[in-house]
Structures are given as structure tokens and as C-alpha cells.
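Line by line, the protein sequences are chains A and B.
No gaps in the numbering here: position 286 of the first sequence is 286 in the numbering used here, and each next residue is one more.
Quick note: to get the numbering used here, add 322 to the position in the second sequence (first position is 1).
In case anyone wonders, no lab produced these hints; they're calculated from the structure.
Careful: at least some of the hints might be erroneous.
[What the hints assert, rightly or not] Which residues of chain B face chain A? A partial, calculated answer using Cβ under 8 Å: (1) 447; (2) 450; (3) 496; (4) 844; (5) 846; (6) 849; (7) 883.
[What the hints assert, rightly or not] Heads up, simulated SDA-like pairs for lysine to any residue below, C-alpha to C-alpha not over 25 Å straight-line: (8) 633/B with 55/A; (9) 39/A with 907/B; (10) 407/B with 52/A; (11) 907/B with 27/A; (12) 39/A with 334/B; (13) 39/A with 488/B; (14) 407/B with 50/A; (15) 633/B with 53/A; (16) 633/B with 54/A; (17) 39/A with 414/B; (18) 407/B with 49/A; (19) 407/B with 48/A; (20) 907/B with 140/A; (21) 39/A with 642/B; (22) 407/B with 43/A; (23) 39/A with 463/B; (24) 39/A with 877/B; (25) 39/A with 475/B; (26) 39/A with 880/B; (27) 39/A with 331/B.
None of these values were measured; they are calculated from a predicted model.
Note that beta-carbon positions come from the ideal geometry of N, C-alpha and C, so glycine has one too.
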Amino acid sequence: MSPIARLVEAFRRWGVRGRAPEPVPILLTQRRVYVLPTKAGLAYALTLIVMLVGAINYTLSLGHVLVFLLCGLGVAAILGSFRNLAHLSILPSRCEAVFAGQDARFGLMLHNTRHHRRYRIRLDGGEGVSVVDEIPGDDGIEAPVLIKSRKRGWLALPRVTLETVYPLGLVRAWAYAAPAMRCLVYPSPASEAPPLPEGSGQQQGRQQRPGGDDDFAGLRPHRPGDPLAHVDWKSAARLPDGALNTKQFAGESGETLWLDWQALPAALDIEARLSILTRWALDAHTAGLHFGLRLPGKELPPGDGEAHLHLCLEALARHGEA
Amino acid sequence: MAKPEAAPPVTQRQTVWLAATALGAFLPLAPWLPGWLNALCLTGIVWRGWLLWRRIPLPPGWLLNLLAVAGIAGIGLHFRNLFGKDPGVAMLALFLALKLFETRTLRDATGVVLLCFFLILSQFFYTQSIATAALMLVSVTLATSTLIALQREDVAPRAALRLGGSLLLQALPFMLLLFLLFPRVSGPLWGLPADAGRGLSGLSDNMSPGSISNLSLSEAIAFRARFDGKLPNKGELYWRGPVLNNFDGRTWRMGPPRKNAADGVADKGDAVQYEITLEPHNQPWLLALDYPQRWPADALLTSTWQVVAQKVVRSRQRYTLRSVPSARIGLEEPAYAKREALQLPSTGNPRSRELAQALRARSPNDLALANAFLGRIREQNFVYTLTPPLLGVDTVDEFLFDTRRGFCEHYAAAFVFVMRAAGVPARVVTGYQGGELNPVDGYLTVRQSDAHAWAEIWLAGEGWRRVDPTAAIAPARVENNLAAAVPRGDPIALLARPELDWLRSARYRWEAVSNAWNQWVLGYDNQRQMALLQRLGLESPDWRTLGALMAGLGGTLMLALAAWTLNQRQRIDPLLRQWRRFESKLVRAGFVLHPWEGPRDLAARAAQALPRQSEEIAAICDLYAAMRYGRVIDDQPLDELTRRIAAFAR
Numbered sequence: 001m002s003p004i005a006r007l008v009e010a011f012r013r014w015g016v017r018g019r020a021p022e023p024v025p026i027l028l029t030q031r032r033v034y035v036l037p038t039k040a041g042l043a044y045a046l047t048l049i050v051m052l053v054g055a056i057n058y059t060l061s062l063g064h065v066l067v068f069l070l071c072g073l074g075v076a077a078i079l080g081s082f083r084n085l086a087h088l089s090i091l092p093s094r095c096e097a098v099f100a101g102q103d104a105r106f107g108l109m110l111h112n113t114r115h116h117r118r119y120r121i122r123l124d125g126g127e128g129v130s131v132v133d134e135i136p137g138d139d140g141i142e143a144p145v146l147i148k149s150r151k152r153g154w155l156a157l158p159r160v161t162l163e164t165v166y167p168l169g170l171v172r173a174w175a176y177a178a179p180a181m182r183c184l185v186y187p188s189p190a191s192e193a194p195p196l197p198e199g200s201g202q203q204q205g206r207q208q209r210p211g212g213d214d215d216f217a218g219l220r221p222h223r224p225g226d227p228l229a230h231v232d233w234k235s236a237a238r239l240p241d242g243a244l245n246t247k248q249f250a251g252e253s254g255e256t257l258w259l260d261w262q263a264l265p266a267a268l269d270i271e272a273r274l275s276i277l278t279r280w281a282l283d284a285h286t287a288g289l290h291f292g293l294r295l296p297g298k299e300l301p302p303g304d305g306e307a308h309l310h311l312c313l314e315a316l317a318r319h320g321e322a
Numbered sequence: 323m324a325k326p327e328a329a330p331p332v333t334q335r336q337t338v339w340l341a342a343t344a345l346g347a348f349l350p351l352a353p354w355l356p357g358w359l360n361a362l363c364l365t366g367i368v369w370r371g372w373l374l375w376r377r378i379p380l381p382p383g384w385l386l387n388l389l390a391v392a393g394i395a396g397i398g399l400h401f402r403n404l405f406g407k408d409p410g411v412a413m414l415a416l417f418l419a420l421k422l423f424e425t426r427t428l429r430d431a432t433g434v435v436l437l438c439f440f441l442i443l444s445q446f447f448y449t450q451s452i453a454t455a456a457l458m459l460v461s462v463t464l465a466t467s468t469l470i471a472l473q474r475e476d477v478a479p480r481a482a483l484r485l486g487g488s489l490l491l492q493a494l495p496f497m498l499l500l501f502l503l504f505p506r507v508s509g510p511l512w513g514l515p516a517d518a519g520r521g522l523s524g525l526s527d528n529m530s531p532g533s534i535s536n537l538s539l540s541e542a543i544a545f546r547a548r549f550d551g552k553l554p555n556k557g558e559l560y561w562r563g564p565v566l567n568n569f570d571g572r573t574w575r576m577g578p579p580r581k582n583a584a585d586g587v588a589d590k591g592d593a594v595q596y597e598i599t600l601e602p603h604n605q606p607w608l609l610a611l612d613y614p615q616r617w618p619a620d621a622l623l624t625s626t627w628q629v630v631a632q633k634v635v636r637s638r639q640r641y642t643l644r645s646v647p648s649a650r651i652g653l654e655e656p657a658y659a660k661r662e663a664l665q666l667p668s669t670g671n672p673r674s675r676e677l678a679q680a681l682r683a684r685s686p687n688d689l690a691l692a693n694a695f696l697g698r699i700r701e702q703n704f705v706y707t708l709t710p711p712l713l714g715v716d717t718v719d720e721f722l723f724d725t726r727r728g729f730c731e732h733y734a735a736a737f738v739f740v741m742r743a744a745g746v747p748a749r750v751v752t753g754y755q756g757g758e759l760n761p762v763d764g765y766l767t768v769r770q771s772d773a774h775a776w777a778e779i780w781l782a783g784e785g786w787r788r789v790d791p792t793a794a795i796a797p798a799r800v801e802n803n804l805a806a807a808v809p810r811g812d813p814i815a816l817l818a819r820p821e822l823d824w825l826r827s828a829r830y831r832w833e834a835v836s837n838a839w840n841q842w843v844l845g846y847d848n849q850r851q852m853a854l855l856q857r858l859g860l861e862s863p864d865w866r867t868l869g870a871l872m873a874g875l876g877g878t879l880m881l882a883l884a885a886w887t888l889n890q891r892q893r894i895d896p897l898l899r900q901w902r903r904f905e906s907k908l909v910r911a912g913f914v915l916h917p918w919e920g921p922r923d924l925a926a927r928a929a930q931a932l933p934r935q936s937e938e939i940a941a942i943c944d945l946y947a948a949m950r951y952g953r954v955i956d957d958q959p960l961d962e963l964t965r966r967i968a969a970f971a972r
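Using the sequences provided together with the hints, build the complete structure.
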């Protein structure tokens with residue numbers, strides 16, 4: 001790390017007053033907001049200096065007036081940018097789990113504690129920037145901070161830089177915030193996984209499936225958590241408002257599939273196993289199967305639906321957690 | 323709504339903003355740019371806006387380059403120069419128009435706005451009137467709003483203009499502070515280009531028939547004077563300009579300037595002190611009332627009693643003088659000066675020379691000779707007119723014996739010629755005579771139409787005596803003004819006519835405003851600044867004091883403005899205020915608030931967390947919920963809520 005980078009890092013740590021993550025809600029008080037000119041602001045200052053020299057040289061009194069007016073505008077720009085950011089309150093909001101390698105979307109609730117509108121606030125978590133166009137007075141808006149997830153487990157929101165150059169683009173006001181917030185990262189599903197373990201584990205009255213599991217076997221009322229692909233949309237129009245049917249397929253009912261850590265080849269390492277199990281869990285869920293998960297030291301009883309899938313994926317994500 | 327950020331290219335609306343700003347910076351400058359360049363720039367700006375509005379692709383790069391090269395070549399041909407003030411401004415306008423076609427990113431766009439600021443500044447080379455200042459405010463508001471639109475491209479035009487205006491209003495106090503306190507440097511930091519003072523009118527260093535009558539048609543102000551005491555009589559208001567000694571048969575010219583041996587005239591008790599605000603005339607001399615006693619330190623008094631500055635007057639100047647109207651000058655004039663004042667071409671104007679000899683023979687002394695000449699003018703029907711006939715080779719002869727119609731320069735020149743031919747040292751003095759007192763602000767306004775020429779003859783034992791031949795033929799010219807002296811129907815300036823009184827009084831008022839502007843805004847210089855600060859109680863302000871004062875006041879101003887902008891706190895709903903108080907009490911008790919929780923859920927959770935106060939919590943939350951979401955007619959429950967929350971123990 002170069003000395004300059006170290007200095008910058010030290011400044012940033014100081015910027016959040018050494019407490020990361022911070023307790024929420026975070027209020028960007030006046031002491032936490034910094035201002036410095038942007039490149040455009042420096043060009044503006046340089047222009048003003050040249051103009052002032054011209055005005056002095058040609059004794060243009062109105063030239064002095066113009067230059068001083070623009071100086072005042074610069075000061076107003078400092079205050080404007082400062083005011084656009086100061087007294088903004090930050091609260092963690094939603095953050096949905098993602099698979100490793102995807103962008104984790106940390107939702108931050110930006111609450112405008114003042115009556116005036118705020119515009120064009122950029123949020124930068126270090127990996128890409130998102131922009132909030134407008135926050136009405138006394139209102140809040142959710143802004144995403146996208147962070148690329150690299151490995152499974154809990155991903156904490158790193159320090160976020162909030163900045164704005166509004167209204168004139170001449171001055172940048174910024175503040176650092178590190179709200180306590182984390183995102184669950186599932187293992188990345190293996191792209192080349194062995195097929196679902198047919199017949200592995202305990203079979204409970206598994207029947208012959210001559211046509212594979214795609215065979216249509218009738219309809220039943222829709223339950224929350226049924227895979228969307230299995231909803232019988234064609235019949236939806238005939239049913240009363242909001243009611244749906246789910247298509248059932250042969251081989252689906254009464255069959256339990258175990259996704260078993262031990263069933264995988266012994267040569268695979270932990271992450272590869274987790275990756276394959278993730279793929280299996282997703283496939284089993286898509287196929288509408290009833291499945292359970294066995295990990296060393298943990299067993300999830302068979303079930304189905306989104307909630308069950310999430311439990312399985314969470315177990316996989318947090319496997320080996322201290 | 324939040325969205326991932328995109329690269330910032332300049333959008334359609336933003337380019338329209340830029341074109342409007344460019345127009346706002348360019349149009350006030352147009353009267354001073356060559357016509358073809360105006361057409362080119364205007365076409366460029368409008369064309370750019372049009373292409374954009376109709377979403378037509380940009381013209382190819384080679385066409386723009388061609389236009390740029392052609393434009394620069396045109397500027398070079400037009401001004402015969404590429405480096406200088408005028409070609410520089412022209413080039414700036416051209417670049418602005420063409421740069422609009424090259425504006426792709428936000429950075430380019432900011433550059434265009436900065437270029438516009440330069441262009442707005444450059445119009446002050448040509449005019450600094452009140453109207454110009456107003457136009458500048460319009461242009462700057464437009465530019466500021468454009469900067470806003472560059473940040474928020476979806477902003478409504480009115481909102482952008484309002485915000486731009488509000489930012490400029492915030493900038494005003496800083497402008498005032500800097501304007502008053504920023505240390506003023508007088509004079510240029512380096513040499514001005516040669517064309518810095520083109521197109522200024524005024525007296526010149528030579529006089530031929532017709533040169534002053536041309537000037538008399540101009541109502542432009544030559545200078546303004548403010549007297550410390552009583553105004554001298556109108557007949558004493560001879561403002562001395564160039565003294566013309568050399569005659570070549572047609573044109574009178576100024577001789578080489580020499581420093582005056584005497585150090586001004588002695589005080590005779592009737593000295594007048596006055597301050598002159600001289601309009602730039604691109605010549606070195608300063609106008610002074612006859613005869614100067616004190617003059618500015620950076621000027622000098624010549625042997626012909628002219629006050630001459632060291633540098634050409636290219637900007638409005640203010641200086642203080644003291645004169646003694648009744649003084650005698652040149653009592654002991656050296657021989658060479660008298661010789662100079664007798665110089666005539668060896669040939670020409672034979673009839674005038676004859677007349678001189680005849681007058682010489684008849685007159686007992688020089689003064690009688692001069693009076694004899696003036697008497698002759700008075701008696702033979704000479705006419706004082708602004709439109710004299712053109713004169714041929716022997717100008718003096720033709721005027722004295724044939725046409726007999728002339729303006730002051732004809733009379734002065736003929737008088738001096740005859741005096742010299744008769745052996746009396748004489749010289750032509752040009753300058754201004756009279757002036758008009760503005761009753762609104764008490765300044766005496768002297769216009770180009772007050773330009774005048776008179777004569778001085780040297781008499782033994784008396785020195786130089788002023789003789790105004792015009793007074794002999796048209797005494798009203800000296801006692802009143804030009805309009806009273808010339809025949810009706812002469813083409814004098816409209817406002818000099820006596821019948822337009824109401825118009826004149828309106829003009830007095832306007833000129834008083836404009837003079838105040840000149841004195842306090844345009845003429846705010848080092849001296850004015852020091853005088854102001856001394857009046858404010860600073861003994862000897864130097865730049866360090868100014869710097870400290872500026873920093874201190876600027877900082878205070880900024881803090882005040884910051885406090886004002888940051889604490890525009892809305893009037894919060896009293897019910898909500900009480901609820902917030904309750905919430906903060908809970909937080910201080912170690913309870914964690916969830917933003918999504920309503921009062922009932924909060925009550926349930928808080929009652930668990932703080933079991934000892936569960937009843938009170940439930941009561942407060944119920945009351946709040948009832949008031950917030952139920953129907954409440956009077957404020958009585960609010961009082962109860964306030965009381966309960968105040969009593970709520972942490």
C-alpha cells in the first residue's frame with residue numbers, strides 16, 4: 001500500500017469516527033459531511049482568476065463585479081452541496097440473499113429529515129455507483145448499493161460513500177457511512193453437476209415412472225410456494241378471482257429425495273460439494289420435488305416450497321460457520 | 323427512483339440549455355463584433371439548437387474545421403491582426419459557437435459555460451452601463467441555471483431558473499463584500515494592446531476649419547466636474563485643453579510640450595477646488611479650468627499651462643484640481659516662447675496680412691489692435707454658425723473677407739493669424755467652455771458640444787490675456803450655451819434645444835443616476851476604497867487590513883448563510899413532536915426502535931422490554947394512535963399526551 005493510499009484509508013476510518021459498522025439510524029450530521037471542489041470547480045476557480053486578472057488589467061469595474069458575483073456563486077455552491085447531503089438519515093432496508101458471484105443488493109433507506117428536496121445523491125460501496133435522483137422533503141427513498149459477492153456466507157456491507165455535486169457540479173460534498181447490514185450469500189450453484197441423485201437415500205414407496213417426471217398427473221389447488229412453472233395458467237381464467245391450480249406430475253407425490261453430503265465422491269472439496277448440493281437443491285425445487293438435505297452435523301427434514309428451499313440454501317451458505 | 327448510474331453524455335435538453343446560455347453571452351456583445359461574424363455565430367448557435375431539437379445528426383467534422391479556419395482568417399483580415407483585444411473577443415465568440423457542436427460529455431458542457439463567462443466579461447471592454455450590468459445578471463442567471471440542468475437533466479426550466487436566481491441572491495452579499503474590500507490595483511498590470519482605446523471622441527491635438535463644429539454635434543459627455551465651493555461664473559468656465567501654436571496655412575497644431583517653469587499660479591484668494599471625472603478620450607491631456615494652481619501628482623503642467631498626464635487616458639479618470647480664474651500667467655515669458663507665438667507660414671492669406679498691417683498702423687498698442695479686430699468682426703455682419711461654407715486654400719482670407727460665416731475655430735484661428743501678422747504674440751487654445759449644472763446631483767456636466775476654441779495674446783506687463791473672438795460675435799455662446807448662440811435651424815443636438823424642457827429634466831435625472839453609477843461602481847478605485855474605509859473608522863488601511871477584514875466578514879457571512887440554509891426547519895406537527903420526544907425517551911432507556919413499527923406494535927414490544935412502565939406506555943401509545951388515526955375534534959387529548967410524555971420516567 002502506498003503512503004498516499006494509507007493516508008486516504010486513515011482519513012476514511014476517521015471519517016466514520018472509527019466505528020464500523022455503526023449503529024443505525026445514521027444521521028449525517030454537519031461534522032460528518034466534507035466538501036471539496038470537483039475538477040469542474042477547480043476549472044471554475046482558474047477561470048475566475050484569469051477573469052480577475054483581466055478585469056484588473058483593463059480596469060473593468062463591472063468585470064470586478066462579475067468575478068466577485070461568481071465567487072459568491074462558488075460559495076453558494078459549497079453551501080448548496082453541503083445542504084444537499086447534511087442531515088440525511090440512513091437506515092438499512094431490504095437485502096435479499098444472492099448466489100456467490102452475483103451482485104448483492106443492499107437496500108439503504110435514505111430519509112430526508114428536512115423539508116427541502118434533495119437531488120442526485122450518489123452511493124458508492126466501492127464497486128459501482130448508484131444514483132438517487134430525488135428525495136422529497138420529509139420522505140424516504142430506498143437506494144441500492146451493489147456489492148459483488150465473492151464467497152458464500154454472510155457478506156457485510158462495507159463502508160459506503162455518499163456524495164453529491166448538486167446543484168452546480170462545482171463542489172463535491174461527501175460523507176462516509178457504515179451501517180450495520182449484511183447479506184446472505186448462497187454458494188454458487190455448480191454449472192456441471194451430476195444429475196439429481198435418483199434413488200439415493202431412503203425411498204418412500206417410490207413408484208415406477210415410465211415417462212419421467214414430466215408426466216402430467218392432474219391438478220390441485222395452488223399453494224404458496226409451488227413453483228411458478230407448475231401453475232396452470234390456462235385454467236386461471238375459468239377460476240374465481242385469484243384462485244390458481246398447480247399442475248401435478250407423475251412421480252412428484254409421495255416421493256422424497258435426499259440431497260446427501262456423503263453421497264458425493266470423496267475426492268471433492270467442501271466448496272465443490274456445497275456448490276453441487278446447491279445446484280441439486282435448486283433443480284429439485286424447480287422440479288417440484290419433496291427433498292431433504294443432509295450435511296455433516298446438520299439435517300434438514302424433507303419439505304418443499306420457497307421457504308424450504310431458502311432454509312436449505314441458508315444451511316449450505318452458512319456451512320462450517322464458526 | 324434510484325437507478326444505476328450511466329455515463330454522462332449531454333442530453334438534448336441540456337444542449338438546448340447550453341445554446342440558450344451561449345446566446346445570452348453572445349447577444350450583448352453583438353453590437354461590437356463585425357456583422358459577418360455575428361451572422362456566423364448566430365447561425366451556428368441557432369443551427370445547433372435546431373439540429374438537436376429535430377434530432378438531426380451533427381455536420382461532419384471537416385465542415386466545422388473549415389468554418390473555424392474560415393472564421394479565423396476572416397477575423398485576421400477584418401482586424402488586420404489576430405492578437406489584440408478586438409480580434410481576441412471575436413475569436414472567443416467564434417469558438418463558443420463552434421464548440422457547441424463539439425459538446426458531447428458533461429465536461430465539455432461545463433467548459434462551454436466557463437467560456438460563456440469569459441464572453442460575458444469581454445463585453446465590458448465596450449460598455450459598462452447600467453443596462454450592461456442588468457444584461458450581465460440575465461446572462462449569469464442563465465449560465466447558472468444551465469449548470470443546474472447539467473446536474474439534473476430532467477429539471478423543469480422554471481425550477482432551474484428559480485434555483486439559479488436563488489443561488490445568485492446568496493452570492494450577492496459576497497459580491498458586495500469583495501467589491502468593497504478587495505484591494506484595488508490602479509492601472510494595468512502589463513501593457514495594454516494598441517487597440518485598447520479605439521473609437522473614443524474628443525478634442526484632438528490639431529485644429530482645422532470644421533473640426534470643432536463636428537464635435538459640437540455630439541451630446542456625449544466629455545467630463546463632469548464637482549466644485550467644492552461656489553460654482554464660478556459661466557464666463558469664467560474656460561476648460562483648458564490643447565494649446566495650438568504651430569500653423570501650416572490650414573491646420574493648427576500643438577507644439578512639443580515643455581515643462582512649466584513656474585510651479586502653478588500664486589493664490590489670489592479666489593481659487594476654486596474641484597474634482598473632474600474625465601471620460602476616456604485616448605489622449606494624454608487632462609482638462610483644467612484656467613489657470614491651474616494644483617494638479618494631480620502623476621501629471622505635469624506644460625509651458626502653455628496645459629495639464630498633461632503621463633499616460634493616455636483610456637479609462638474614466640477622476641482627479642482633483644485647484645485653479646485661480648483671475649490669475650495672470652506668463653508675465654516673464656522667455657523670448658523663444660514669444661517667437662513661437664509669432665510663427666506663421668511665409669506665404670498665404672495676403673489680404674489678412676494686409677489687414678494686420680493696416681490695424682497695426684492705426685492702433686496705439688497691442689490691446690487696441692486686438693480690440694480693433696474684434697470691433698471689425700462685430701460691425702461687419704459676421705455670422706456664428708455650425709454649418710459654415712467650405713473654405714479653399716487661403717482659409718483665413720476667405721473667412722474674413724468672403725464667407726464671413728464660421729464657428730469658434732474660424733474666429734479663433736483668424737484672430738490669432740491677424741495678431742501674429744501684426745506682430746502680437748498669440749496662440750489658439752482649444753478646450754471646453756461652460757457646462758450644464760445637473761440640479762439633481764450638483765455635478766457640472768460638460769459635453770462634447772461644449773467644445774470651444776479661443777485665443778490668447780501676450781501683452782507686455784500683463785502676460786497672456788484670454789481673448790474670445792466668439793464672444794464678440796455671439797456673446798450668448800459664452801454666457802448661455804451653443805443653442806442660444808447659433809441661428810434657429812442649425813442642426814444642433816436635439817436635447818440642446820431650449821423648448822424641450824421636460825425631456826431635459828428627465829435627462830438630468832437619468833444622468834445623475836448614471837453619474838452615481840460611474841462614480842461609485844465604475845469609478846470605485848483605490849482612492850475611493852481608502853476614503854470609504856477611512857470614513858468607516860480605519861485609520862490607514864493597507865492590503866493586510868483589507869485581507870483580514872475580508873476574511874473575517876466573509877467567514878461571518880458564510881456562517882450566517884449556512885445557518886440560514888441549513889436551519890430552514892419546517893414547522894413540525896405538534897403531535898409528531900410529542901411522539902418523537904416519547905421515542906427518544908424510549909431510546910435513552912435502551913429500547914431499539916424499528917422504523918416499520920406502528921404505535922400498537924411498539925407498545926406491545928416496549929411493554930415487554932420495560933415491564934415496570936407498561937401501563938404508561940400503553941396509555942401513551944393508545945392516545946397517540948387515537949389522535950393520529952382516529953377522529954379528534956379538539957386539542958384536549960394533545961395536552962394530556964404532552965403531560966403524560968413529559969411525566970414519562972426513563
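ask   = Which of the numbered hints are not met once you compare them with the structure shown?
value = 6, 9 and 21
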